[in-house]
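Enquirer: Given next are the chains, with one letter for each unit.
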Amino acid sequence: MASSAAVSTAPPALSLPPSQFARLQPHAYLLAHLSPPASSQQPSIRANGRAPSQFRVTSTNTGSLTHTNGSSVVRLGDTTAVCGIKAEILHTEDIASWSVSHSSSSSTPNKRRKLTNPTEKPGEDRQDGSDEVEDDDSYIEDFSLLVPNLSLSTGCAPGFIPGAPPSALAQSLSHRVLSLLHSSRLVRSEDLEIWYQRPNLGPEELERHNEDEQMDVDVEQDGSGSVGETREIKAFWVLYIDIMIISLAGNPFDAAWTAVLAALRDTKLPRAWWHADNETVICSDLVSEARRLSLRGLPVASSFRVFEADAASGWRAVIVPDAEEERKIAESDRKGIQRRWVLADPDGYEEGLAQERVCLVIDKDQRQNGKVVIVKMEKNGGFAVDRKELKELVAVSAQRWEEINKILGQC
Amino acid sequence: MAAQRQASSASQTPHISPAELSYIYTSLSLPGAPIRPDGRSATQFRPLSAETDILPGTNGSARVGFADGTQAIVGVKAEVERTALGIEALTQAEQEEYAAETGGNSKSDGVKQGSSSGQGSWVQMAIEIPGFRDDDALPVFLAEMMREPLVESVAGGGEGGMVGGLKGRLVINRRWHWRLYIDVLLLSQPLSYPLPLLSLTTHLALLSTKLPKLKSKGEEDPFFDDDWDAAEYLYPRAKSTSTKPSSIPGSISVHKVRPPVTLLVVSVAENVIFDPSREEIAVADAVLAISVTHDTDSGRLKLLSIRTIDPPSRLTQPGVPNSENVATLGSTAAAEESVIINPSTGEEEVPGVWRPRRGGVKRATIAKMVKMVLEKGGVGEEVLEGLEGVEVG
Amino acid sequence: MTDRRRINGPPGGTRPPVFASSIKPTTVAAERPQRQRQPNELRKIFLKTGLIPSASGSSYLEFEPSASLSAARASPQSVIPPSSSLKLACTVHGPKPLARSATFSPNLVLTTHVKYAPFAARQRKGHIRDASERDLGVHLETALRGAIVAERWPKSGLDITITVLEAEDDRWWADAPDSHDAAWGMMNVLAGCITAASAAIADARIDCLDLVAGGVAAVVADETAERGVSAPRLMLDTDPADHRSTLSACVVAYMPARDEITELWLKGDISKASVGIDDKNLTHEALIDGAVDAARGAHSVLAEAVRESAERFAGLSSGKST
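Chains as they are written, first to last, in UniProt numbering: chain H, 1 to 411; chain Z, 1 to 393; chain E, 1 to 322.
Bear in mind the hints are in silico, worked out from the structure with no lab data behind them.
From a predicted model like this one, the values you see are computed outputs, not experimental measurements.
Don't take each hint at face value.
[Unchecked claim] Quick partial rundown of chain Z residues pointing at chain E, CB under 10 angstroms, derived from the structure: (1) 35; (2) 36; (3) 55; (4) 143; (5) 149; (6) 165; (7) 286; (8) 291; (9) 303; (10) 305; (11) 311; (12) 326; (13) 359.
[As the list claims (entries may be wrong)] Computed list of lysine-lysine pairs in DSSO-like fashion (alpha-carbon distance at most 30 angstroms, straight line): (14) Z/362 to E/125; (15) H/268 to E/96; (16) Z/371 to Z/217; (17) H/391 to H/364; (18) E/48 to H/406; (19) E/155 to Z/77; (20) Z/215 to Z/368; (21) H/364 to H/376; (22) H/388 to H/371; (23) H/376 to H/406.
Ideal Cβ placement from N, Cα and C applies to all residues, glycine included.
Work the whole structure out from these sequences, hints included.
Expert: This is the structure we're talking about:
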């Protein structure tokens with residue numbers, strides 16, 4: 001069907017095969033697909049056969065990489081992202097600013113940290129989402145406990161030279177992932193903290209100390225009234241989140257973010273405790289004791305590109321569209337002549353033709369009947385999309401959320 | 001870009017015309033008796049001059065110069081380093097305790113074995129070649145090629161021998177070890193593939209390397225005798241039987257264990273040629289780097305590593321036979337040419353017309369090359385004997 | 001110096017986790033994985049071409065997980081994996097014109113690039129290629145250059161990029177590095193790289209003399225119940241984690257049709273191994289022959305993958321013409 005549409009619109013004198021027409025006149029080719037002649041009764045369809053708001057088939061697979069704490073492979077059409085998470089330990093003594101700002105925190109009761117919370121079982125449903133302390137996760141950002149890096153130097157597309165430093169695109173994608181991790185507060189800081197309960201220095205306690213130190217912290221905590229005075233954070237887990245884009249065919253951000261999401265859901269951290277004699281952190285290698293991260297929600301990213309019929313329209317003078325223009329657009333809309341299309345999940349071919357970019361990260365609040373929450377909204381490269389269209393895009397993204405939720409639930 | 005490309009091949013492809021390449025190839029492939037451009041026999045090495053202990057600031061050093069003017073200097077520095085108390089070290093310490101408690105089990109002897117052996121990463125090698133960045137393929141490949149046999153050799157045994165090879169020698173006690181930095185400098189542009197020169201220089205530098213004498217005992221933090229005369233050789237020497245060892249160069253063969261040497265061997269048609277010059281390597285069918293050392297027990301040579309090196313002949317420009325050349329088309333010369341099958345490569349060739357090599361090397365050829373190095377009285381022994389003639393220390 | 005173009009972790013550095021079972025043997029004190037295969041039995045290889053459409057040729061290769069690893073996957077007990085299996089992706093871009101600044105080349109200029117993903121090994125790898133990765137690149141280039149008919153593409157370049165997603169271990173994780181420690185896992189990685197790159201090159205329709213396949217053989221010593229370490233034996237396609245120590249190993253890149261080796265990398269000291277026992281088979285020649293046998297095995301998988309690639313291409317071109 002794709003080819004027939006192209007042939008019908010190409011000038012009859014030039015009988016180019018569709019594939020060559022697509023290369024020579026990419027813009028006209030895509031336009032011809034999106035605006036079929038009214039007589040043909042065909043729906044507006046993209047050159048890749050998708051409807052404008054249709055995403056590519058997405059599949060994920062998690063936990064296949066042996067040396068990671070959590071891993072995932074996400075295929076978004078022909079774009080493939082592999083994400084592996086390796087957890088390492090950051091001792092607080094290695095944090096330069098720690099001793100100044102935090103060492104006394106455990107002994108002063110009116111400090112911002114709530115010290116009763118961390119031993120709560122992560123699996124339990126936290127219904128206290130609203131009363132969490134505002135700066136709960138400041139550790140994650142302050143000590144860079146999440147380290148995402150995205151690599152395009154994998155031969156994923158011809159333009160990226162392997163071995164060269166990360167390209168501008170790779171750098172910007174890495175930073176977008178990082179800022180989204182921070183702003184969405186996906187990972188809880190308390191999942192990454194490794195606490196130490198200093199034993200009370202009673203004589204019989206000292207004797208039992210050697211057996212006790214391997215017990216779980218909350219066992220030791222039982223019955224002791226002076227918890228707040230002896231517990232302290234000795235170390236943090238640092239999650240190195242590395243994303244390799246193995247194959248790039250447009251929309252790397254959605255693929256990368258979905259991979260990060262799937263890998264974080266797969267991540268298990270071993271139980272870790274402070275070994276006072278060795279002055280180091282020891283981990284248990286029992287799978288039964290390892291725990292998963294308890295993530296906050298499921299922010300799903302959906303990217304869109306705006307394709308405009310007038311290729312030069314991106315270059316018009318920067319003026320606020322006045323009433324006259326609005327009227328014209330409304331009129332052409334009535335006539336059924338569409339001048340621009342918002343394409344969901346653009347492939348590499350479409351990305352080259354559409355400048356304006358919209359990225360919506362939304363979540364659904366499970367506690368409030370699946371209320372749609374916009375976690376992040378990015379729009380740049382043009383001014384075609386207005387409020388009304390953004391609303392529609394949020395609706396499309398909400399549908400996408402359901403899809404991704406289902407896909408991630410399966411693996 | 002160009003430098004990068006050529007760096008990846010065996011060495012810079014010399015700018016030799018296809019006609020010259022064909023001429024060199026033909027003379028080198030004469031059955032039984034190759035004629036080399038500089039008149040050497042197939043197994044003969046280029047003359048060289050060598051001296052050791054030239055740099056007072058190092059633990060050991062050497063300089064070797066070939067007659068063609070290429071020179072290399074190697075300096076060896078040793079530093080004491082705390083053995084990383086990583087997972088393995090913790091394992092060892094605690095497992096031994098555990099084994100002691102429980103009366104020992106099969107695990108403990110495995111651990112004890114491990115404690116006497118060093119790690120390959122304690123030997124670091126850096127090669128500097130003019131015109132190359134230190135992370136270019138050629139210096140990295142050369143460094144790995146020379147480091148590999150060095151740490152691979154696990155010659156043991158005997159008094160004065162080195163248990164666990166060089167790696168074992170670097171262990172001071174369970175918590176401390178020596179780290180060896182071997183810095184190799186090629187002083188001139190690499191006229192030919194610099195491997196033999198660098199390998200010989202490194203060999204001599206290691207022979208002359210001394211480590212200060214350890215005064216501490218057991219698991220103490222190490223401290224050393226500051227008397228340099230009391231220092232011990234890295235590669236230990238047995239007490240010389242000769243009364244005046246320095247007067248007779250030949251009798252200094254007192255090293256029980258010697259560092260390995262890496263030889264560059266090429267095959268041209270049926271012939272095997274050692275220490276190839278630049279022109280010879282340019283026409284080689286196959287290039288091998290073979291590392292050997294003395295086996296202390298059997299007194300024979302033993303093989304430590306083999307690596308193929310990408311022969312630059314694959315990147316050369318082909319010659320054009322008269323039959324295809326527009327200028328000579330139809331002349332009588334073209335008619336006289338006949339296509340023959342090269343017996344070593346199995347490809348159709350016109351005699352006298354150069355074709356870049358392609359394909360690999362037959363197993364029989366590899367076996368022949370290795371045998372010539374290893375056999376008793378073969379080239380390997382000859383080289384090691386020659387090196388023993390160099391006065392060290 | 002910090003890398004400004006990447007997101008760096010905490011400036012003080014982080015440490016890999018230390019596990020309790022490595023300090024005191026616990027109830028789940030993991031046991032060394034045992035090789036379940038016959039000495040000359042090879043692991044199964046998953047090899048597929050054409051998964052990356054933007055490249056002219058591509059392939060994905062995976063080694064079958066060892067019995068211990070698949071058991072650990074099925075019923076996980078310890079978070080420490082017993083062993084790992086190779087997984088890598090290979091892309092080929094080209095032939096394409098050389099850069100303007102490049103000098104004239106009468107032959108196809110090959111660029112090979114091997115990079116481990118940071119999460120590929122037990123220890124986190126850096127983002128910048130280290131010496132072993134560059135070394136692998138040179139080995140791979142040597143192996144491929146002998147197989148490609150380079151003079152058919154003058155003034156052109158071919159970029160081969162391999163991303164190793166999961167590498168093989170150099171030894172069993174709980175072993176202290178012993179006298180035979182070396183990067184043995186790297187040799188398996190190289191063999192995989194050669195086979196995968198060969199498939200990707202064929203998928204890119206570059207003329208080759210033959211499909212060049214990689215194979216590994218090693219002389220290994222195992223633990224036995226009675227007397228510590230057993231007599232060394234020659235085995236094909238070894239997983240270093242399975243054995244007490246690897247004495248010597250060899251990788252070849254082999255072209256069966258011409259019976260030629262384009263790349264040979266042998267290292268290790270087997271003089272001790274052959275002295276103690278009367279097995280005259282433990283020579284370097286036996287080792288090379290073993291590696292060649294392993295490569296022959298890999299070649300059969302390679303041929304199958306390339307046939308699939310050719311069928312897909314034929315289907316594609318016939319579809320285009322109609």
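Enquirer: Check each numbered hint from earlier against the structure, then list the numbers of those it violates in ascending order.
Expert: 1, 2, 3, 12, 14, 15, 16, 19 and 20
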